[in-house]
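2 protein chains.
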Amino acid sequence: MPNGAQSVISGLVEAGVQVCFANPGTSELHLVTALDDAPRMRPVLCLFEGVATGAADGYGRMTGRPASTLLHLGPGLAGGLPNLHNARRAGTPVVNVVGDHALRHKRLDAPLESDITALARTVSAWTRRAYDAADLADDVADAVAAAAGPPGAVATLVVPADVAWADVEKHAGARRRAAVPHGFVSERALEEAAAVLRSGEPAALLLGGAATHGAGLRAAAQVAGATGARLLCETFPARLERGAGLPPVERLGYRTADAAGQLAGVRHLVLAGASVPVPFFAYPGQSGVVVPDGCEVRDLGGAGQDVGVALRELAAAVGGGTAAAVAREPGRPRVPGGDLTAETAAAVVGALLPQGAVVVDESNTSGLWLPDATAGAPPHDWLTLTGGALGQGLPLAVGAAVARPERPVVALVADGAAMYTLPALWTQAREGLDVTTVVFSNRAYAILGLEQAMMGASVGAAGRELFDLGRPELDFVALARGMGVPAGRATTVEGFASLLERGLAEPGPFLVECVVPPIA
Amino acid sequence: MPNGAQSVISGLVEAGVQVCFANPGTSELHLVTALDDAPRMRPVLCLFEGVATGAADGYGRMTGRPASTLLHLGPGLAGGLPNLHNARRAGTPVVNVVGDHALRHKRLDAPLESDITALARTVSAWTRRAYDAADLADDVADAVAAAAGPPGAVATLVVPADVAWADVEKHAGARRRAAVPHGFVSERALEEAAAVLRSGEPAALLLGGAATHGAGLRAAAQVAGATGARLLCETFPARLERGAGLPPVERLGYRTADAAGQLAGVRHLVLAGASVPVPFFAYPGQSGVVVPDGCEVRDLGGAGQDVGVALRELAAAVGGGTAAAVAREPGRPRVPGGDLTAETAAAVVGALLPQGAVVVDESNTSGLWLPDATAGAPPHDWLTLTGGALGQGLPLAVGAAVARPERPVVALVADGAAMYTLPALWTQAREGLDVTTVVFSNRAYAILGLEQAMMGASVGAAGRELFDLGRPELDFVALARGMGVPAGRATTVEGFASLLERGLAEPGPFLVECVVPPIA
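Going down the list, the protein sequences come from chains A and B. First residue of the first sequence: 1, per this note's numbering; consecutive thereafter. First residue of the second sequence: 1001, per this note's numbering; consecutive thereafter.
Think of the hints as simulated: they come from the structure by calculation, not from any bench. Heads up, none of these hints are tricks.
Once the Cα atoms are required to be at most 20 Å apart in a straight line, the calculated SDA-like pairs of lysine to any residue come out as: (1) A:K170 to A:D135; (2) A:K106 to B:V1289; (3) A:K106 to B:V1291; (4) A:K106 to B:G1285; (5) B:K1106 to A:M454.
Turn these sequences into a full structure, and let the hints guide you.
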């Protein structure tokens, strides 16, 4: 007779979940045991919960399907929350399976007891605690459906240990469910969008979610080609497909003034998978407005709608269904001369980025020149820090590489950001993932140095100590080797190019510490 | 004119908070700036929030006073939650200062927006969001009072950026407050406890919180001396003072059967700062009962009461006020022969543990022999994993060393546990903290291998992969050096003794990787 844990794992497999990023504990042991009966589920051990959740985010962004996590009670979920926050902002499908104490144990307020569902609800569109093993198959099916979307979302199922270990005599919830209905499209929204785009007034499409890659992006480019609308996307897209031959999409600037400048003169802004653009932070005395006065904003899709389908129908409606979309010309920078800086390092990345790369970008200030330098590189995906919670880059690369083993993964990560989730490197080594990590080592929280002026805060000597990562200097080559990942340090342009080439050429993980000054 | 941020920092200083463990971001820049005006506040930079919160826990355990943290919005608080969970279970005073978006920015649902207070409430006895800079001085005073207890607790103040940057024209809340009233003592509870302890029936005192060190512990020992009551303490005490010349206190066993055995025959269990003992986990078909049938449990103190004062009054009531308490004889093991194992490593620690050491114990299975091996060592404090959330050890050592720079800190940490909060080592190096860390490298989540039998889960080959930390092997010497901490690896008893001696002799941090097999 199967038990509840087996129902969970087999239910995940039946719903198409193929990977479990796990950091389990005692209360999850029956779930761990059930993995042995599920050869179609790949367990991937992570040595910190933030690695597991960030990996699930990366996997979901690259496949459109949820991976599961396996986490240990409230503290385990808590450790994974920052990267679940990023996944939530990315609209990534993720299914968390969080073990809990046996139900009869909860009243005892044992040391690990805490309010798991309160934690889960801060990041999850769907949260449920299981109470009966007979319902678990159905609980899991609901969780996967909630995660799948559209749009994708975080779903969290809390499984008490006694519900997991109980025998399942009969699946109470074994109702056959129809295939999850595909997101609908609002005809009215389509017609209105088509009308304003054909009006001749300045218009722009703002892409996000599923509109920044694949068929959605191609349809958006056709719409732009047929109507003259500009193609913009969110400042931090979950997955932007770009490079030579692909439609060029402008990312909205991070600074409010930059984003407002990009939208100046736009009379009609059509959101396709994106939210109304807002500043990342508020600053004293500064405008918090990005969308210009007199600009009408309308949403092509909305909750529950499939923005990819909507864009294809919009392309047909504006006569762009067969239009040749604008395509980015191929073009790479050369490996430059001069000192190794964020700017010259970006040129090196642009010169060497391989065809089909999955780029994970948590380079923050050191990444300022990367988008331009790689715009005409061979086609690739660009994954960004959607939610602003640091520590995303290394784990996201784990998930992307598990999802797409045939593609090179390039993680471009700031030194400060890398410190939050270092054990991701160990999982890269363990799983033999083809990830080349570049750590931009400027030995500072340089973003804070830049932000203080915008914030009107004149940080003095004591405060500036809190931006300093240089005392002592972190040695990322040693840190990588400690995790089983070969690594090298570059202090010259040639050295960086040589190490990056090596990392890209070798299978398995490699890390390059790229020593650069903070940008001025 | 001061601003809100200056009110926060000066308010903390005025309330006696001397250290701020910080991992700030843009929304905290005015708070960072205010540190420059507060030379009596020591900012300590941590490169991960879990380090900041664990350090605050260690500091609070060693001083009885709260340190503050400085964290970045919801994701920053989330990263710190596992160690705040441990602090909550330890009854440690901690004041979290969490920056948030400007109030007028919150409605925009910007990328970093999330439900901070929901997160805070899962670990905090006191949570408040500030809305007006004029009230901040009072908000901070309330936060510190709530944290101070008794018992100590986590208090979280959420400070929106615009409340921090606003000018404070007049302190609206500048009411002078009386000194925080000391916890009261229930006369009735004292009388009842004294009566049962003098009844001649088998009785035990179960110590926790402030009763396991200092005057509380000494009074408890006098009570035991005068009445014959046994002295027990919680399985995972926040800070147990022990060693030669100190009262020997038995820790309740981790396994339910062990703890139940220790309490067998006890007719009266008097709780002093402890909760009713319960099993850590529930197991299928096993009793969840630790306290024997027929044993009456009564609480000497309770919410808001000062257990140290209560114990001193109880000692006087039972005529033990002047009794000589039982004291542990001095005695150390010798450095043993044989292979390096968890057992022989414990003997080495026992042989070398210096006078006045602060021992942070997150050694888990490899620590099985440590309590016995160190029982007769020179007096020291023993800090344990109160909440079961892994990743406590390295950060706790940071806080303990900041709190007690004159004492050697010895962190005994399992390899799996060390991986959650490695950047604590960098802060140790940066601050020149005298911490000697021993990582017991058994290359396994060995606790799960032991728990599976108790759990009745027969984990197979696929599941057992999730207990394996040996592929690839972690190199903690490289990891430590990468963080700026000198380190060495021991594979023999002599080598371990030599490296531990070196670490204890040298000022500043040192790490010993102690390679041991998993316990059978």
